[in-house]
Amino acid sequence: MRETPTAFTSSYEEECNTPLSVTEAYFASEAGRNRFGAFDGDRLVGMVGVGRESQIKLRHKAFIRGMQVDVAYRGTGVGRQLMNQAMECIATMEGVTKVTLAVTVGNAAAIHLYESMGFKVYGREHCALIVDGVPYDDILMDKNLGTEKDESDALSSGTAAGTSSGFDQTI
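All letters in the sequence shown, in the order written, are residues 1 to 171 by my numbering.
Since the hints were derived computationally from the structure, they do not count as laboratory data.
Keep in mind that the hints are not guaranteed to be accurate.
Claimed, not checked - Below, a list of computed lysine-lysine pairs in the DSS-like style, where the Cα atoms sit at most 30 Å apart:
no.	residue 1	residue 2
1	57	143
2	61	98
3	61	143
4	98	143
5	120	98
Stated by the list, open to error - Distance windows between CB atoms, simulated:
no.	residue 1	residue 2	range
6	41	123	36 to 46 Å
7	100	80	30 to 40 Å
8	44	92	15 to 25 Å
9	33	125	34 to 44 Å
Note that CB positions come from ideal geometry on N, CA and C, so glycine has one too.
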């Protein structure tokens, strides 16, 4: 968090000032969500969170949040291992057909990793974060776990799934 403050919605200062009991209560309240860690001995060097939307109309979607790899371990495959673990977890969620994530503009390595795993850019959230007074956009990405035929049929038939446009997809 300290080295890459634009990669997280929480700040290093906020997390340092949060009592452990509050953090424990937060994690305990997140039923249906999973977190995976990568360790080098006893040292946590990476982590990722996985969850599923809870509302009935959204339960077909899972999401990836809080992906982080220690600076010293970037480029070593830790991120890919974490993403593989996250996707394996999502594969066990009955009825999930789509996975979403957001990544800060400029995080080229993460964007490359996600694209190599089949995620595609579908939009951009302007001013998703403000760090030290500077606004940063998020790139919104998703991966369809259904068949590619389903997606192309929706686009060609003009159904609601294929009619959304107007996103700025410039990275």
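So, going through the hints one by one against the coordinates:
With a C-alpha separation of about 18 Å, the suggested pair residue 57 and residue 143 falls inside the 30 Å cut-off, and the hint holds. Taking the CA atoms of residue 61 and residue 98, the gap is about 5 Å. The hint holds against a cut of 30 Å. Our distance criterion of 30 Å between C-alpha atoms is met by residue 61 and residue 143, whose separation comes to about 10 Å. The hinted pair formed by residue 98 and residue 143 meets the criterion: a straight-line CA distance of about 6 Å does not exceed 30 Å.
As the CA atoms of residue 120 and residue 98 are separated by approximately 11 Å, the hinted pair is consistent with the 30 Å bound. A hinted range of 36 to 46 Å holds for the C-beta pair residue 41 and residue 123, which are about 40 Å apart. Against the hinted window of 30 to 40 Å, the Cβ-Cβ separation of residue 100 and residue 80 comes to about 19 Å, which falls outside the hint. The hinted window of 15 to 25 Å between residue 44 and residue 92 holds, with their beta carbons roughly 24 Å apart.
For the pair residue 33 and residue 125, the beta carbons lie near 21 Å from each other, so the given range of 34 to 44 Å is not met.
In summary, the structure is inconsistent with hints 7, 9 from the numbered list given earlier, while agreeing with the others.
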